Every structure is written in structure tokens, then in C-alpha cells.
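Number of protein chains: 6
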Amino acid sequence: MKIEKGGFLKVSNIINIRHVPRTGWVLRGVPPAVAETISDHIFLVTLLSLKISQDLVENGFKVDVAKTLTMSLVHDLPEAVTGDIVRYVKEEEPSYFKMIDEKSLESLGMGKYLPLYKEFEERKSLESIIVKLSDCLATIIEGRKLVALGYRDVEEIVKNMENQVEKILESLSNLELRKALEKNIIGILEK
Amino acid sequence: MKIEKGGFLKVSNIINIRHVPRTGWVLRGVPPAVAETISDHIFLVTLLSLKISQDLVENGFKVDVAKTLTMSLVHDLPEAVTGDIVRYVKEEEPSYFKMIDEKSLESLGMGKYLPLYKEFEERKSLESIIVKLSDCLATIIEGRKLVALGYRDVEEIVKNMENQVEKILESLSNLELRKALEKNIIGILEK
Amino acid sequence: MKIEKGGFLKVSNIINIRHVPRTGWVLRGVPPAVAETISDHIFLVTLLSLKISQDLVENGFKVDVAKTLTMSLVHDLPEAVTGDIVRYVKEEEPSYFKMIDEKSLESLGMGKYLPLYKEFEERKSLESIIVKLSDCLATIIEGRKLVALGYRDVEEIVKNMENQVEKILESLSNLELRKALEKNIIGILEK
Amino acid sequence: MKIEKGGFLKVSNIINIRHVPRTGWVLRGVPPAVAETISDHIFLVTLLSLKISQDLVENGFKVDVAKTLTMSLVHDLPEAVTGDIVRYVKEEEPSYFKMIDEKSLESLGMGKYLPLYKEFEERKSLESIIVKLSDCLATIIEGRKLVALGYRDVEEIVKNMENQVEKILESLSNLELRKALEKNIIGILEK
Amino acid sequence: MKIEKGGFLKVSNIINIRHVPRTGWVLRGVPPAVAETISDHIFLVTLLSLKISQDLVENGFKVDVAKTLTMSLVHDLPEAVTGDIVRYVKEEEPSYFKMIDEKSLESLGMGKYLPLYKEFEERKSLESIIVKLSDCLATIIEGRKLVALGYRDVEEIVKNMENQVEKILESLSNLELRKALEKNIIGILEK
Amino acid sequence: MKIEKGGFLKVSNIINIRHVPRTGWVLRGVPPAVAETISDHIFLVTLLSLKISQDLVENGFKVDVAKTLTMSLVHDLPEAVTGDIVRYVKEEEPSYFKMIDEKSLESLGMGKYLPLYKEFEERKSLESIIVKLSDCLATIIEGRKLVALGYRDVEEIVKNMENQVEKILESLSNLELRKALEKNIIGILEK
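Residue numbers (my numbering), protein chains in the order written: chain A, 47 to 237; chain B, 47 to 237; chain C, 47 to 237; chain D, 47 to 237; chain E, 47 to 237; chain F, 47 to 237.
Keep in mind that the hints were calculated from the coordinates and are not lab data. There may be inaccurate statements among the hints.
Copies of one chain are not kept apart here, so a pair can be met inside one copy or by any two copies together.
Claimed, not checked - Taking lysine-lysine and the BS3-like style, the derived pairs with C-alpha atoms no more than 30 Å apart in a straight line are:
1. Lys-205 with Lys-56
2. Lys-229 with Lys-136
3. Lys-136 with Lys-225
4. Lys-191 with Lys-108
5. Lys-144 with Lys-229
6. Lys-170 with Lys-225
7. Lys-164 with Lys-205
8. Lys-225 with Lys-113
9. Lys-158 with Lys-205
10. Lys-56 with Lys-191
11. Lys-178 with Lys-225
12. Lys-56 with Lys-136
13. Lys-56 with Lys-229
14. Lys-229 with Lys-158
These numbers come from a predicted model, not from an experiment.
Produce the entire structure from the sequences given, and follow the hints as far as they go.
Spelled out as C-alpha cells, the structure:
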């Protein structure tokens with residue numbers, strides 16, 4: 047792909063993530079016609095982020111909703127350039143893949159969102175925690191659905207994500223926030 | 047569908063809009079495996095809304111970005127209950143379908159977004175205009191792609207949407223806003 | 047869709063119902079690649095209508111087979127214009143949707159079948175009862191198959207259709223006819 | 047497949063023809079997600095048969111509409127057992143494949159339609175001519191659509207079918223009938 | 047299909063077997079979007095043939111690996127001309143279908159592999175036994191996967207193939223070879 | 047994915063590459079239902095390798111056919127673990143991705159083919175050159191087909207591959223070999 051640096055929003059490239067099935071599912075036996083796509087996933091993450099941040103706001107926490115939603119929308123956009131690369135490949139060279147993701151975002155004309163992308167990767171701000179939790183939840187929801195259809199190998203990813211959710215919650219020092227998030231997550235996973 | 051009133055976010059229902067191909071495309075000969083889905087569409091509308099509102103903000107206009115993004119996310123959610131109903135069916139009874147849409151939104155546990163949904167339907171606020179333009183642009187982009195693949199009947203929808211964009215722009219009394227939006231739209235459609 | 051009134055059979059429009067997955071299935075989580083289409087459904091309804099009417103004729107009942115088959119073929123054709131609209135949307139304004147369906151049929155060049163369509167909707171003649179039963183049976187057969195594949199939300203539709211079948215049978219005053227139909231239905235659902 | 051002779055309508059087998067893409071299309075490069083299925087095809091043939099026979103009746107010809115529709119429905123049902131076998135395979139042993147088709151029909155619990163199936167194969171009655179013409183027309187309509195989408199190898203089948211239509215028309219000694227059919231065919235292919 | 051005799055490799059025809067879902071699966075209710083294709087199947091057969099022949103070589107048996115792999119690649123290629131024809135159709139006229147397959151292979155420009163194809167059909171050489179076993183194993187592996195997803199009618203094919211594997215093993219007079227093959231098969235089916 | 051080192055052929059993992067559409071196509075707008083999969087691609091590469099090596103052998107060149115076919119089968123197998131990662135991601139860290147690929151191959155129980163995989167990557171032996179050329183040709187053939195269907199962005203990949211073929215041919219010092227390969231390639235691309 048000839049990808050020029052900088053520039054304007056490249057909708058014609060970004061739109062193609064609707065054709066990319068999530069690699070985690072297809073490598074566990076889910077045909078692309080059944081597997082969710084990256085854009086399906088981004089949509090769900092953004093919706094869950096909205097739900098969680100709205101709830102926190104209503105309970106007195108300070109959340110920048112615009113930032114949360116934008117971060118949700120942007121967090122997987124580099125995959126319009128790179129495709130969906132599995133954790134197994136990335137985990138030994140995280141900094142290399144961060145660099146590639148940032149270059150990809152820029153090449154899509156989304157350079158102005160780099161700071162937000164980095165904030166997401168650092169997972170320190172409340173907004174980035176909400177988006178990461180939503181990311182995990184969206185995967186758990188889809189994964190459980192696939193397991194119920196008989197795609198048993200998917201269970202591994204679901205468990206993995208459930209662990210991640212737990213770890214994120216445990217790492218929170220603000221106990222009231224943690225309680226509010228827990229209540230939210232239980233509500234989302236039960237419906 | 048047994049749909050209880052009110053309640054909590056029903057993710058398990060909302061998630062199914064990823065299986066609903068847009069009726070406008072399939073009724074013009076595009077197989078579901080090629081046609082975009084409602085969630086694909088919502089994702090693109092939200093991304094374009096982000097792009098346009100960010101740009102307006104940078105040019106000194108006052109846009110509530112959180113509201114714009116939320117409205118984009120929510121504007122087609124009733125279709126998780128109703129499916130995608132074509133304009134031909136709706137246009138003679140707009141108030142009936144508005145009522146159905148509002149009931150549907152509520153039944154999905156999204157009742158708190160009813161005012162936003164109504165604001166979108168009224169198309170008076172700047173945010174609702176941005177979302178409607180993004181809605182049309184997202185359809186034009188996908189439609190042109192389909193026409194290029196040989197689905198010629200789709201052209202009718204593309205033209206229709208181009209006319210809608212023009213009408214919305216013409217209706218704006220703030221000429222600076224209109225100019226800023228036009229520049230944005232040209233940029234999006236050219237890339 | 048620009049739809050002119052009257053005219054000749056519009057095959058190029060009608061053919062597109064093969065791209066429309068049944069909304070009831072997709073809104074319950076069945077991907078379009080797995081869900082049946084409207085034309086799949088019409089084919090099955092027509093086949094079941096043939097089976098049932100043939101059987102009744104052989105048992106001495108008077109059935110107009112040509113009428114039954116034509117009614118089966120025609121009963122969902124308006125969906126080539128409207129798409130497949132769920133009961134939830136239609137049930138509060140049945141007369142409006144009947145009007146839309148009739149206009150749609152006419153616009154497809156099938157105006158001469160309007161009386162037949164109305165006869166189907168009224169459900170008084172034996173032929174219209176056979177077609178309606180076949181419609182329910184075709185949905186039960188497909189629904190049970192989907193439930194067996196793990197699409198559990200579909201069960202609601204299956205039960206609904208089973209109730210409809212029962213109600214139709216109960217409403218019959220001719221007990222011999224009722225018995226003959228029951229025998230038929232049991233035979234079809236068991237194989 | 048364990049297929050017992052005789053018996054009752056085997057809906058659970060017949061229903062599977064909706065998963066069989068037409069071999070002629072897929073062997074010319076059309077992916078199954080784009081190609082029509084056997085049940086899509088049967089539906090269209092039956093609809094065209096209805097159209098043509100109704101028209102002939104209105105113009106004073108004597109057509110058994112029930113027979114025409116039943117024949118249309120039944121003419122490709124053996125493929126629920128055999129799959130869709132291309133002409134190249136069948137043409138040197140037509141009697142063997144007729145035998146297989148008839149056995150298949152019987153095993154689907156459709157034995158009572160064997161005389162009708164044979165009548166179709168003999169192509170002597172007006173009803174069998176209408177069904178065969180509809181069969182060709184349905185293939186031409188779908189084929190032209192595929193050619194317009196860029197599947198150029200399909201053209202060979204379209205031409206083949208156009209020749210068949212011409213030959214059938216030329217073989218008719220009743221010139222008024224021929225004229226009526228020609229008018230019908232032109233009408234169908236133009237819309 | 048106009049197929050000239052002899053000539054050069056016809057890649058543009060052969061490539062289309064990737065669009066042909068295996069008839070055995072689709073006629074048992076598996077949608078093409080879920081069913082494996084002929085090229086998927088050939089790939090798996092070739093891989094299993096490699097595995098088995100490599101293993102035999104390492105255990106001191108004499109296997110022509112190049113011949114085994116070529117035979118695997120070629121054994122289903124005639125289906126690029128004929129489509130995938132089920133056993134039910136072929137079993138009463140095996141010699142006719144062998145002739146058709148051989149003509150098809152030739153027409154694909156693969157005439158030089160006819161002796162290999164015949165060797166496969168005769169099932170006497172060790173290489174042909176390895177390929178046939180791999181053919182059965184590949185079908186068992188896919189079949190079991192489909193059964194686990196809820197496609198229960200597929201079980202019939204799985205059992206059939208398991209019987210075939212057993213019969214082939216029982217027919218081997220060289221007991222050491224038989225033991226080595228059994229060990230291999232158990233290893234493959236367990237992973 | 048929990049992937050243990052060494053061990054036996056993991057068919058249940060390898061089989062999933064049939065669900066992985068090639069990332070190059072989907073990121074250029076080809077829906078997975080139209081795009082080829084990794085196993086489709088491997089099949090074609092292996093077939094072309096057979097064709098080319100057979101031809102060279104017949105013209106007096108010394109080719110190890112078994113090695114060529116095995117290398118073709120194995121060359122993309124690591125993607126059963128990693129998915130299909132685009133060149134853009136890999137090109138700045140080739141040694142890292144080679145390491146990942148080798149680990150993946152081992153984890154699939156294919157460790158014994160590591161030397162062959164390395165030989166392929168070094169592109170020095172005649173066999174590795176044949177496989178690489180087949181890899182490019184298979185991509186050109188599929189790419190041209192997609193361009194003809196209207197997926198114009200694919201042209202970039204086709205040109206890229208055509209350049210690679212040319213470079214490989216130019217790098218050959220044995221002019222007779224080069225001539226023989228050129229003749230082969232022209233033959234393959236013309237049919």
C-alpha cells in the first residue's frame with residue numbers, strides 16, 4: 047500500500063475495515079461470514095464506552111465524554127492499514143507495533159489523534175480505562191455468543207478478556223470508581 | 047419480539063444490527079455478503095461526524111462534539127428492533143414511524159437518548175445538521191463504491207443523497223458555516 | 047425507489063428478494079449467510095401449499111390448486127419493494143401496511159393479483175387458510191433448524207408460529223377439514 | 047445419503063437446495079455468496095411460468111395453470127438429492143440421469159409427481175413448453191446480471207439459453223401461440 | 047462449457063473450484079458460507095498426504111513423495127469441470143464417471159496426469175492408498191467439526207468415511223505398514 | 047492462543063487458514079465472501095509449482111519435485127498462527143517476523159520443515175525460486191480477476207507482483223533456465 051504521510055482523512059481506506067474479520071475469531075474456526083468485523087467491533091466498543099461514561103457522569107465522576115467516544119472510534123483504526131494482528135505476534139515487540147500503529151494512523155489522515163491514541167495505550171486516564179474495559183467487554187459479549195454457537199476454541203479468548211477486566215479493576219486505587227465500574231460491567235454482561 | 051419498556055441497555059439486541067444489511071442496497075441487487083450492514087453504516091457516520099465537528103471547532107464554530115458523536119451512534123439504533131425500513135414505506139406516515147422508532151429506542155434501554163433522537167429528527171441544531179450530513183455522505187461513499195462494482199440501480203440512491211446534501215447546505219442562513227461545511231464535504235468525497 | 051403504477055411484471059425488481067434475509071432471523075442473531083431469504087421462504091411456502099392442497103383434494107375436499115399456488119407465490123412479493131418489515135412495526139397500523147403492500151404489488155406489475163392478495167389477507171377461503179398454514183409451517187421448520195444450530199432467540203418466533211397454527215385450526219368449524227389438516231401438519235413437521 | 051423409496055414429503059431434505067449454488071455460475075467464477083441458489087432459481091421459474099400461462103389464458107389459449115405451476119416447482123427438485131449436475135456431464139447419458147432424477151424425486155416423497163416430471167422432460171405439452179421457456183428465461187435474466195457485474199465467462203451460458211429459447215419457439219407449429227410467447231418473452235427480458 | 051481437448055494448464059478454469067462448496071455438506075444443511083470448498087479439501091488432503099508419507103519414509107517404508115503429493119493435488123481436479131457429484135449419482139455407473147473425469151482432466155490441460163489419476167482410482171500402489179486415506183481423513187476432520195456446530199445430518203458421511211478407512215486398513219496384507227498407518231491416523235484424528 | 051512447542055501436526059489449527067481471507071485483498075475493498083483465502087492461495091501456488099517444475103524437468107533441468115511441492119504447501123502455513131500480515135508491517139523488521147514465522151511453524155507440529163522454510167526465505171535454490179514465482183503468479187492471477195470485477199485498488203498489488211517476477215527472472219544467471227521460466231510464466235498468465 048502506498049501510504050503518504052499526513053494529509054486528510056482517507057475514508058476510502060478506513061471504510062475497508064468493514065471487510066476485515068477479527069483474526070482471533072477466524073483462527074479459531076469461525077468463518078468470516080459468521081465472525082464480526084473490525085468495524086462491528088469498533089461500533090460496539092464506542093456504544094459501551096458511551097454507556098459507561100454516561101453512567102459515571104450521572105454518578106458524579108468526571109469523564110470527558112467526547113474524548114472517550116473519540117478514543118473508542120480511533121483505537122482500532124490503524125488496522126485499516128495493518129489488518130488485525132494477533133497478540134501472539136505483537137507481544138514480544140510492543141514498541142515496534144506501537145510505532146507501526148502510529149504511522150498507520152497518520153497515513154490515514156488521522157495524525158491529529160495521535161496523542162489520544164497514545165493516551166489509550168498508556169491506560170492512565172479514566173477515559174482510556176473506560177475504552178479499554180469496553181474493548182474487553184465487546185470481545186467477551188461476541189465471544190460468548192460464538193461459544194454458544196459451538197465455536198469452543200473461542201473460550202480461550204473470552205477467559206483471557208475476563209482476566210484483563212479483573213486486572214484493570216483491581217489496579218484501580220479509587221474504590222468508589224471501581225465499584226461503579228463493576229456495577230456497570232455486571233449490568234452489561236447480564237443483558 | 048417481546049420488548050419490555052424502559053430498563054437497561056440491551057446489548058444482546060443492539061449487537062444484532064451487525065447482521066442487518068441496508069435494505070436500500072439489497073433491494074437494488076447487492077447480495078448481503080457485499081452490502082454494508084447497519085453497524086458498518088453507523089460506524090462511518092460517527093467517524094464523519096467526528097471529522098466534520100472537529101474541523102468546525104478548529105475553525106471557530108461552536109459544536110458540542112460529545113453530543114454530535116452520541117447522536118451519530120444513536121440515530122439508527124431503533125433499527126435493532128424494527129430492521130431497516132425504506133423511505134418509500136415511511137414517507138406517508140412519518141409521525142407513526144417516529145413513534146415506533148422512539149418506542150424501540152426505549153425498549154433497547156436507551157430511553158435517556160430520546161431527546162437527542164428527537165433533536166436529530168428536527169434537524170435544527172448544528173449537531174443534528176452535522177449528523178444528517180454525515181449520514182448522507184456515508185451513503186454516498188458506499189453507494190459510489192457499489193456503482194463502480196457494477197450495481198447500477200444504486201445510482202438512484204446516490205443522486206437522492208447528493209440532492210439532500212445540497213438542500214441542507216442551501217437551507218443554512220449562516221454563510222460562513224455553509225462554506226466551512228462545503229469545504230469539508232468536498233474533502234471527504236474526494237479522498 | 048421510483049415505482050410507477052401499474053405496468054408489466056418487473057422481474058428485475060422482484061428478483062432482488064433473493065438478497066433479502068428474513069428480518070426476524072437476523073434481528074435474533076442469525077448472520078445473513080446463514081439466514082433464509084424471502085425467496086427461499088416463498089419457495090418453501092409454495093411447496094407446502096402444493097403438498098397440503100393435493101392431499102386435501104385426494105381426500106375429497108374441494109381446493110383450487112392453481113389459486114393456492116398463485117397465492118403462495120404472491121403473498122410475500124410486496125417485500126421486493128418494502129423489504130421484510132417485522133410484526134412489531136406493523137401490528138398497530140395493519141390497514142396502513144395493507145395499503146402499502148397493495149401499492150407495492152401493483153408497482154411490480156402484479157396489479158392483477160390484488161384480489162388474490164386481499165383474499166389471502168382476509169383468511170376466509172380454504173385456499174387462503176392453506177397458504178397461511180404453509181407460511182407458518184415454513185417458518186417453524188426453518189426456525190427449529192436455527193434453534194438446533196444454537197440460535198436460541200429464534201425459539202420465540204417458533205412458539206409464536208406454533209400458536210398461530212393452533213389458532214387457525216381451532217377456528218375451523220368443518221371438523222373433517224380440521225382433522226385432515228392436522229394430519230398433514232404433523233406429517234410435515236415430523237419428516 | 048440413505049434414501050428410502052417412496053414415503054412422505056421429505057421437507058428436511060428438500061429445504062437444503064437453498065444451500066446449493068448453481069454449478070454453472072460457480073464454475074465460471076461467481077462466488078456462492080453472489081451466485082443464485084437452486085431454490086432462488088425455482089422460485090423465479092415458477093413466477094415466470096405463472097406470468098406466461100396467465101397471459102396465454104387471457105389471450106384464449108388453453109393452459110392448465112395448476113399443472114404449469116406444479117411442474118415448475120418440481121422440475122429441479124431432484125437436485126435436493128443429486129446436487130446441480132452440469133450439462134457437460136449429463137449430455138452423453140441422458141437416460142441414466144433421467145433415471146437417477148426420477149429415483150431421487152421418489153425418495154423425496156414426491157413419487158406422485160413422476161408423470162409430471164416425465165411430461166416436462168418430453169417437452170410436448172404446452173405446459174412443459176412454458177416451464178422450459180421459463181427455465182431458460184430465468185437463467186438468461188440472472189446470467190445477464192452477472193455479466194453486468196463483470197463475470198464475463200457467464201456469457202456462454204446466456205447465449206446457450208438464448209439459442210434454446212429460439213429453438214423452442216421455432217419448433218412450434220401453432221404460429222399464434224408462437225407469436226404470443228414471443229411477445230411475452232420480449233416483455234419479460236426488457237423489464 | 048466449451049472445453050477443448052488437450053492443451054495447456056487452464057488455470058482460469060481450475061481456480062474456480064474455490065467457489066464450489068462440497069455437495070455432501072450443503073445437501074445436509076450446511077450453508078456455502080460455512081461449508082468447505084473443493085480447493086480447501088484438496089489443500090488438506092495434500093497436507094495429510096505429506097504428513098503420512100513423510101512418516102512412512104522415516105520408518106523405513108518406500109514412498110515416492112513427489113508422486114503422492116501430485117496425486118493428492120490432482121485427485122479432485124476434474125471437479126473444476128464437473129462440479130462435485132455425490133456418490134449416490136456415481137455409484138451405479140462408475141466407469142462412465144471415470145471416463146468423464148478423465149476427459150475433464152485432459153480438457154484442463156492436465157492430460158499428462160491421467161496415468162496418475164488412474165493409479166489413484168485403482169488403489170493398488172502405496173501412494174494411492176496414502177492419498178485415499180488422506181481423502182477420508184480430511185473429510186472426517188471437517189465432518190466432525192460440522193457435527194460439533196450442530197449440523198447433525200453430516201454424521202452419516204463421517205461414519206461412512208470411518209468405515210472406508212477401516213476397510214482400507216483391513217485390506218492391507220503388509221501388517222507393519224498397516225500398524226504404521228494406524229498410528230498415523232490416530233495421531234491425526236486426535237490433534 | 048496457547049501454542050506449545052514441537053509436537054505433532056496440529057490439523058485442527060492448520061485447517062483454520064481456510065477462514066482467513068488474504069489481508070491484501072480485504073484492505074483494498076474486497077469482501078471476504080469474494081476474496082480468496084490463504085488455503086485457496088496455497089492450493090494454487092502448489093499447483094503452479096507442480097506445473098513449472100514438471101516442465102523444467104521435461105526440459106532437462108534438475109528439480110526436486112517433492113521438495114518444491116512440500117515447500118509450496120509449507121510456505122504460508124505460519125499464517126495459521128499469525129494470520130496474514132501485510133508487507134507494510136513486516137518490511138522494517140524482516141528478521142523479527144522470520145523468527146515469529148519459524149516459531150509458529152514449530153508450534154503447528156511442523157518443526158521438521160524449518161530448513162525448507164528457511165531455504166524458501168533465502169531464495170537461492172531452484173526450488174525456492176519456483177515456489178516464489180508461483181506465489182507471485184498465483185497473486186497476479188487472482189488480482190487480475192478482482193480488477194476485472196471492479197476492485198481497482200487491487201491493481202497496485204498486481205503491478206507489485208509483476209515487478210517481483212521480473213526481478214527474480216533478471217537475477218538468474220543461467221539464461222536457459224530464465225528462458226524456460228519465462229515461457230512457462232507467459233503460458234500460465236495467458237490461459
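Going down the list of hints, with the structure as the test:
no.	hint	result
1	Lys-205 with Lys-56	between (36 Å within a copy, 22 Å between copies)
2	Lys-229 with Lys-136	neither (32 Å within a copy, 37 Å between copies)
3	Lys-136 with Lys-225	neither (32 Å within a copy, 43 Å between copies)
4	Lys-191 with Lys-108	neither (33 Å within a copy, 42 Å between copies)
5	Lys-144 with Lys-229	neither (32 Å within a copy, 33 Å between copies)
6	Lys-170 with Lys-225	within (18 Å within a copy, 39 Å between copies)
7	Lys-164 with Lys-205	within (26 Å within a copy, 36 Å between copies)
8	Lys-225 with Lys-113	both (22 Å within a copy, 27 Å between copies)
9	Lys-158 with Lys-205	neither (35 Å within a copy, 32 Å between copies)
10	Lys-56 with Lys-191	between (33 Å within a copy, 14 Å between copies)
11	Lys-178 with Lys-225	within (17 Å within a copy, 38 Å between copies)
12	Lys-56 with Lys-136	both (25 Å within a copy, 22 Å between copies)
13	Lys-56 with Lys-229	between (39 Å within a copy, 15 Å between copies)
14	Lys-229 with Lys-158	between (34 Å within a copy, 19 Å between copies)
When held up to the earlier numbered hints, the structure conflicts with 2, 3, 4, 5 and 9 and fits the remainder.
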